[in-house]
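Peer 1: Relying on the hints, combine the two individually framed chains into one complex.
Protein sequence lines correspond, in order, to chains S and P. Sequential numbering of the first sequence, starting at 0, is according to numbering that gives the first Met the number 0. Sequential numbering of the second sequence, starting at 0, is according to numbering that gives the first Met the number 0.
Misleading hints may appear alongside valid ones.
[As the list claims (entries may be wrong)] With a cut-off of at most 27 Å between alpha-carbon atoms, the simulated DSS-like pairs for lysine-lysine come out as follows: (1) 50/P - 8/P; (2) 122/S - 85/S; (3) 128/S - 85/S; (4) 153/P - 97/P; (5) 8/P - 128/S; (6) 8/P - 121/S; (7) 122/S - 18/P; (8) 176/S - 120/S; (9) 153/P - 120/S; (10) 18/P - 8/P; (11) 85/S - 120/S; (12) 6/S - 120/S.
[Unchecked claim] A few chain S residues facing chain P, derived, Cβ under 10 Å: (13) 66; (14) 68; (15) 70; (16) 71; (17) 72; (18) 73; (19) 97; (20) 108; (21) 113; (22) 117.
Since the hints were derived computationally from the structure, they do not count as laboratory data. Backbone N, C-alpha and C define an ideal beta-carbon position, used for all residues, glycine too.
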Amino acid sequence: MALIETKDLYKIYDVGEAPVHALDGVTARIEPGEFVAIMGPSGSGKSTFMNIIGCLDQPTRGQYFLGGIETGRLNRDELAAIRNEKIGFVFQGFNLLPRTSALENVELPMFYRSMPQAERKKKALEALKRLGLAGREHHHPNQLSGGQQQRVAIARALVNDAPLILADEPTGNLDTKNSIEIMELMVRLNRDDHITIVLVTHEYDIAAFSRRIIHFLDGRIVSDEPNIPEKQKREDGAA
Amino acid sequence: MINIPDTLKISLRAIRINKMRSGLTMLGIIIGVGSVIAMLAVGTGASEKIKEQLSSMGTNLLLVLPGSTTSGGLRMGLGSQPTLTKDDADAVLREIPKVQEVAPVLSGAAQVVYGNQNWSTGVYGSTPGIFVVRDLSLIAGRGFTEQDVRSATKVAVLGQTVVTNLFGSANPVGQVIRIKKLPFTVIGVLAEKGQSMQGQDQDDIIYIPVTTAQKKIFGTAFPGMVRNIMVKVRNAEDLNAVETELNNLLRQRHRIGPREDNDFQVRNLADMMQMAEQSARVMTLLLGAIASVSLLVGGIGIMNIMLVSVTERTREIGIRMAVGAKTWDIRLQFIIEALTLSLMGGVIGIVLGIGGATILSALAGWTTVVSPLSILLAFGFSALVGIFFGFYPAYKASLLNPIDALRYE
Numbered sequence: 000m001a002l003i004e005t006k007d008l009y010k011i012y013d014v015g016e017a018p019v020h021a022l023d024g025v026t027a028r029i030e031p032g033e034f035v036a037i038m039g040p041s042g043s044g045k046s047t048f049m050n051i052i053g054c055l056d057q058p059t060r061g062q063y064f065l066g067g068i069e070t071g072r073l074n075r076d077e078l079a080a081i082r083n084e085k086i087g088f089v090f091q092g093f094n095l096l097p098r099t100s101a102l103e104n105v106e107l108p109m110f111y112r113s114m115p116q117a118e119r120k121k122k123a124l125e126a127l128k129r130l131g132l133a134g135r136e137h138h139h140p141n142q143l144s145g146g147q148q149q150r151v152a153i154a155r156a157l158v159n160d161a162p163l164i165l166a167d168e169p170t171g172n173l174d175t176k177n178s179i180e181i182m183e184l185m186v187r188l189n190r191d192d193h194i195t196i197v198l199v200t201h202e203y204d205i206a207a208f209s210r211r212i213i214h215f216l217d218g219r220i221v222s223d224e225p226n227i228p229e230k231q232k233r234e235d236g237a238a
Numbered sequence: 000m001i002n003i004p005d006t007l008k009i010s011l012r013a014i015r016i017n018k019m020r021s022g023l024t025m026l027g028i029i030i031g032v033g034s035v036i037a038m039l040a041v042g043t044g045a046s047e048k049i050k051e052q053l054s055s056m057g058t059n060l061l062l063v064l065p066g067s068t069t070s071g072g073l074r075m076g077l078g079s080q081p082t083l084t085k086d087d088a089d090a091v092l093r094e095i096p097k098v099q100e101v102a103p104v105l106s107g108a109a110q111v112v113y114g115n116q117n118w119s120t121g122v123y124g125s126t127p128g129i130f131v132v133r134d135l136s137l138i139a140g141r142g143f144t145e146q147d148v149r150s151a152t153k154v155a156v157l158g159q160t161v162v163t164n165l166f167g168s169a170n171p172v173g174q175v176i177r178i179k180k181l182p183f184t185v186i187g188v189l190a191e192k193g194q195s196m197q198g199q200d201q202d203d204i205i206y207i208p209v210t211t212a213q214k215k216i217f218g219t220a221f222p223g224m225v226r227n228i229m230v231k232v233r234n235a236e237d238l239n240a241v242e243t244e245l246n247n248l249l250r251q252r253h254r255i256g257p258r259e260d261n262d263f264q265v266r267n268l269a270d271m272m273q274m275a276e277q278s279a280r281v282m283t284l285l286l287g288a289i290a291s292v293s294l295l296v297g298g299i300g301i302m303n304i305m306l307v308s309v310t311e312r313t314r315e316i317g318i319r320m321a322v323g324a325k326t327w328d329i330r331l332q333f334i335i336e337a338l339t340l341s342l343m344g345g346v347i348g349i350v351l352g353i354g355g356a357t358i359l360s361a362l363a364g365w366t367t368v369v370s371p372l373s374i375l376l377a378f379g380f381s382a383l384v385g386i387f388f389g390f391y392p393a394y395k396a397s398l399l400n401p402i403d404a405l406r407y408e
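Only chain P is shown next, with the shape it has when bound in the complex (with noise of 0.2 Å):
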């Protein structure tokens, strides 16, 4: 039977009458448990950003944009040729069963006016698929209907950061603001947004009839042109498959032969946005894998003092084992040893790392989320390197000779 409590104690003393040793070697551990819990923290924050941002932007979406053209072999970017129409959105819709919903837009800068205040901002012209593929939530009011799109009235739902440029804290519902100079009646205001990914803010702007704005705001170069097509597709995994079949369905409709290029292009959100997430993770990965360096770097420390603890307490393993300590009995001893340094320095560092987060996303602005789990991992991970690392100087110290150790010098 091995006394746990007892033999922590002649562990704490040891560790106490070298204070300065003590404290020099955990502050490996500490750094290194610290850095693991400081840069995880960053990296787990980076990756729920993205997330967040992901979950804004609407989900399982695919974009249909205009092509290129191309003008005496000057090829212009993309969207310089207004190939898409609402009537494609609504053949999507309509042909393609795996899609949930569409939204055709047709947007531009405009200067809208209520009362004596002004404000330049994004119009959107859209339809009332709009709301679903942007996931688009109202807070007061309602969003525009399919009557209001056939019609082309002229209402507007505005988005918050509108709403505070021109009403401030008044209710905005009912009232008529200009925009482009023409009254439009604002029915209902939706919930905030916050940033898109590039930091725009997506709370800046006004959502109206796709037909109020080719008709009367934007006019459009041929009849029911739209600048792009959002498709929400109802599966993720349907994505690809959804893909394949936009670029037939418009190919057929914009009549494209086969040895044509596309007059137009899909791009896949989701994937981008995946893509953005898988670096944000592999670079959670590189800065836990760094850390993990210096805690390994920590380890080492802790065994190299081990070893010149059992070197100099040699006599006292003699004493120890004269008077009848077994092998585990010694082995113990100086695991709980190097544990007992590992865990407090696990511990401190866990605080530290912590601190260090908070004090990072105070003056960086990075968001840092401190997971339990990584608090878990850092503390296991510091308990095994005290054992690891403390195994081999118990060893060696449970295998001398008791004679041999009572007459070291």
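Isolated chain S, as found in the complex (with noise of 0.2 Å):
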């Protein structure tokens, strides 16, 4: 059963007198364990199909099935507890907490199953200590660098071990060194873990990590290739 399955995907905004079409009838199927970038220029619809997928925003029209449950059907309360279970969301923005410690920021998704205090401190320890951010667990985002803050953003989308991680340009605030750093750490994640990835970006050199590379423009799919990620090619987009 694919992982992501959307059918026929519209998304129409009435702004003045004629209607834009975000999304122009997009359907794609995303199986589980696929480490995929979306690319296009802006506005061509990689956000707003991100952003559907991510349960986040609803499709004007057509469906989509997130693991077989079909999001249409779901309310507002049920599609929360989807993103809190089954999606990580890594953002461009970083998207912590403001005047919030890095533990707390990471312990988020947690407190919003209901975990008990303790064992939530724990995960959220764990998950800090994986990504090289042990010691820094009290620190507010002010007080972190912009690949820190990614990292404690990629530790909160795994501490709730969801099956599928969601970024949206994840290194557009990031220089080079840090981009590479956190693009190895989804590649592991991918590899390692088998969490199924969804990235959107418009860089190659970013888009060169993954293993399946999907074109958006005017809101349809122009194209959709397998990728084979070399070594080379990254090393080319730091020089």
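Peer 2: As structure tokens, then:
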């Protein structure tokens, strides 16, 4: 069974006189364990697609199945539960809670599934340690570098053992060195932990880490091809 | 399952982060609750005081006063024409079964002397009925009896103020004092009564048998004349009925024709007292209502700040929703935040209100009573304010679309 399956998704915004088709009939399947990069220029609909498969937004028309469940039938709270249990988000702007320690930020998803405090703390500490953030648990986001903040965000995405990570331009605010570190981390998570990763980017160097690249243009998929991650490509990008 | 203690922690953090703002918001509630507590304390104090005075006067009382006279078209005041007698009083007790006790009174001011001390005080001639009617109790000696009244003996029962001024701390019972130069034996001392509603000292008084007052101290215009008659009715609900019967009886005894005006007047003391108490209660309500308005204004302040807070934290709400916060997680977070603000304000307000009431009674000398009910009321009210004014902002926050909230700049 596909992890992600969309059938003829439309997202239409009524702005002014002419409706804007952010998604114009998108049908796609993503299997468990895949590492997919979604590319396209701005306004191509890639972020809209990402928000819909992340259950953060609803399509105007069409169906979206996540792990076989049709999300269109779910209410707000059921969607919230799905985001909590099935999806980890990594955003371009990190989206960590300000004035809140790294530890508490990572605890947040467990907080909303009512896990006891002690267990939450233990799991959050483990996740932070795994991402090389031991010793920074009590730092607030503004005391951390961009790369560190993004790793806190990834720890938060991992902590509920979600099978799917959705990353929207995760390296957009990072320098090259940190970008590569984050992408290598993603590759390891995909390879070693079998976490399905869907990544939105407009940079080829970043998409090159994935194993499948889907191109969007004007709300449609224009190409969908497998990709062989090459170390060589990465080094060229870094230079 | 919503995690209340942790949600409370989040709310406390949000309040701590904006200390100044939270403090000012709370100030609205503090002032509101504080003034409700203080105002209710003043109002309750006033009516407690009136109640106390009511019972010190004696209860279920009717007062019969002589009527006014008209001489040459000039109407004189009440009591200018003495018309009442001790016999009237006896008749009232005899003829009206609902009357428990009567006390005819003939009073006046007199100089009293004991040893080298002297004191000017009110001397009340009456019957033993006065002890029942005015609810007097003796702390030493005895009261005078019917026998004393019949034989017009020169005995006196003293109020505390008189005792203090003439005897200091010595025991007056058995001593002889002089009232208008006549020797009287002190046979009893009254318990303290305090001030009357008009601020009179009710202990600055001497009671003697009415006949003694008539014949030996004040003299009378005609035999048996008294200044007024106090009537104690058995049951409060009979007061009006007795008033009518009193009127009929006295009209008959004074031979007043159907078209003539009464030469006496009956006053219902309980009515007057109840009116005073009623007005105190209205004042309490009024003060409370005015203070409640400030509490309401404080609540609107909370709502205002919570709306600002929701807007400011739209992104935070988006993040929370993205990682799985449900509608009521978000709602409760903001309701608890508003509730925490209002309850903290409420508690501080209660403390300040009690302090304010204490200061008021110390400085202005008002009786203030902080009732547990008013504290409970203020606390409950501030909780209600928090929930009520916190709900709309919380509701607004919970309905945000996750992606719109996340993208909010």
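Peer 1: Would the pair residue 8/P and residue 128/S pass a check requiring their Cα atoms to be no farther apart than 27 Å?
Peer 2: holds (25 Å)
Peer 1: Holds or violated: are the alpha carbons of residue 153/P and residue 97/P at most 27 Å from each other?
Peer 2: violated (32 Å)
Peer 1: Is the straight-line distance between the alpha-carbon of residue 85/S and that of residue 120/S 27 Å or less?
Peer 2: This hinted pair holds, its Cα atoms lying about 20 Å apart.
Peer 1: Between residue 6/S and residue 120/S, is the straight-line Cα distance small enough, at 27 Å or below?
Peer 2: Between residue 6/S and residue 120/S the Cα gap is close to 40 Å, so the pair fails against 27 Å, i.e. violated.
Peer 1: Does the structure keep residue 122/S and residue 18/P at a Cα separation of 27 Å or less?
Peer 2: Distance ~32 Å between residue 122/S and residue 18/P Cα, so the pair is violated.
Peer 1: Does residue 121/S lie within 27 Å of residue 8/P when you go C-alpha to C-alpha?
Peer 2: holds (19 Å)
Peer 1: Measure nothing beyond the straight line between the CA atoms of residue 128/S and residue 85/S; if it is 27 Å or shorter, mark the hint as holding.
Peer 2: This hinted pair holds, its Cα atoms lying about 22 Å apart.
Peer 1: Against chain P, is residue 108/S within 10 Å by beta-carbon distance?
Peer 2: Holds - the Cβ of residue 108/S comes within 10 Å of chain P, reaching about 4 Å at its closest.
Peer 1: Does residue 70/S hold up as a contact with chain P if the rule is Cβ-Cβ below 10 Å?
Peer 2: violated (13 Å)
Peer 1: Given a cut of 10 Å on the nearest C-beta pair, is the interface hint for residue 66/S held or broken against chain P?
Peer 2: Violated. Min distance 16 Å.
Peer 1: Are the Cα positions of residue 153/P and residue 120/S separated by 27 Å at most?
Peer 2: violated (93 Å)
Peer 1: Is residue 176/S close enough to residue 120/S, meaning Cα to Cα at most 27 Å?
Peer 2: violated (30 Å)
Violated hints, listed in ascending order, are 1, 4, 7, 8, 9, 12, 13, 14, 15, 16, 17, 18 and 22; each of the other numbered hints is respected by the structure.
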